[in-house]
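Asker: Residue numbers (our numbering), protein chains in the order written: chain H, 1 to 109; chain Z, 110 to 218.
If you're looking for bench data, these hints aren't it; they were derived computationally from the structure.
Taking beta-carbon pairs under 7 angstroms as the criterion, some of the chain Z residues facing chain H (in silico):
#1 Ile-111
#2 Ile-123
#3 Ser-125
#4 Glu-156
#5 Gly-199
#6 Phe-201
#7 Gly-215
Each pair of labels, with its calculated beta carbon distance range:
#8 Z/Pro-115 / H/Ala-66: 24 to 30 angstroms
#9 H/Ala-73 / Z/Asp-173: 29 to 35 angstroms
#10 Z/Glu-195 / H/Gly-54: 32 to 38 angstroms
#11 Z/Ala-184 / H/Ala-27: 41 to 47 angstroms
#12 H/Thr-20 / Z/Leu-145: 32 to 38 angstroms
#13 H/Asp-107 / Z/Pro-117: 32 to 38 angstroms
#14 Z/Glu-116 / H/Glu-35: 33 to 39 angstroms
#15 H/Thr-20 / Z/Gln-149: 30 to 36 angstroms
Computed list of chain H residues with no C-beta within reach of chain Z, every gap over 10 angstroms:
#16 Gly-25
#17 Gly-42
#18 Leu-83
Where a beta carbon is used, it is the ideal one built from N, C-alpha and C, also for glycine.
Protein chains: 2
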Amino acid sequence: MIARTPEPPYLAVIFSSQRTEGDAGYAAMSERMVELACRQPGFLGVESVRDAEGFGITVSYWRDEASIAAWKAHAEHTVAQRLGRERWYGAFRLRVCRVERESGLGDLP
Amino acid sequence: MIARTPEPPYLAVIFSSQRTEGDAGYAAMSERMVELACRQPGFLGVESVRDAEGFGITVSYWRDEASIAAWKAHAEHTVAQRLGRERWYGAFRLRVCRVERESGLGDLP
Numbered sequence: 001m002i003a004r005t006p007e008p009p010y011l012a013v014i015f016s017s018q019r020t021e022g023d024a025g026y027a028a029m030s031e032r033m034v035e036l037a038c039r040q041p042g043f044l045g046v047e048s049v050r051d052a053e054g055f056g057i058t059v060s061y062w063r064d065e066a067s068i069a070a071w072k073a074h075a076e077h078t079v080a081q082r083l084g085r086e087r088w089y090g091a092f093r094l095r096v097c098r099v100e101r102e103s104g105l106g107d108l109p
Numbered sequence: 110m111i112a113r114t115p116e117p118p119y120l121a122v123i124f125s126s127q128r129t130e131g132d133a134g135y136a137a138m139s140e141r142m143v144e145l146a147c148r149q150p151g152f153l154g155v156e157s158v159r160d161a162e163g164f165g166i167t168v169s170y171w172r173d174e175a176s177i178a179a180w181k182a183h184a185e186h187t188v189a190q191r192l193g194r195e196r197w198y199g200a201f202r203l204r205v206c207r208v209e210r211e212s213g214l215g216d217l218p
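Same shape as in the complex, but just chain H (with noise of 0.2 angstroms):
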């Protein structure tokens, strides 16, 4: 579930969410996007984790601003966005950062 990222630097997208109540296609359509990010170009990794009361963080990897741009205007992408907003979070943030340096313990898969 840790991402195996490169050597920095490379970019985070921190999103930070509060689901709504109810499944209302959120749960389908969250396997969808991740599906779908990981054969985007420049994509790094993902880490996503959320607890029984709705709270979430995932973390997505990516090389450069472009990537990010691509993945984000990206037709179906859009359409998650517009329901995210509509149906599916009560409240988020997306942070887009500059990994600057990385250390760890253990192997990852």
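Given the coordinates of chain H, work out where chain Z should sit on it, guided by the hints.
Answerer: Using the frame of chain H, we list chain Z on its own:
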């Protein structure tokens, strides 16, 4: 649970971790570390979530590198870091990032 952070730029520390089995003092220390971090100079906020399988992401936000370095060197925190490596985490990655922009939806506390 979503942090109310200032206008970028500021720094984010993304800590992604897999817990080992059992508590072994983790819950109390984790609570203490959040309480202590919140009182450090330059602390801007924290978001944290862990799922039932023990995978977690904690993102803490900081004003500058000096505040991150001071927190890393804090006496109680260095003990927690050692126990984390020895007992509590099977694997972790810590990524230090510069937040460049932020967007969102919904009111924050």
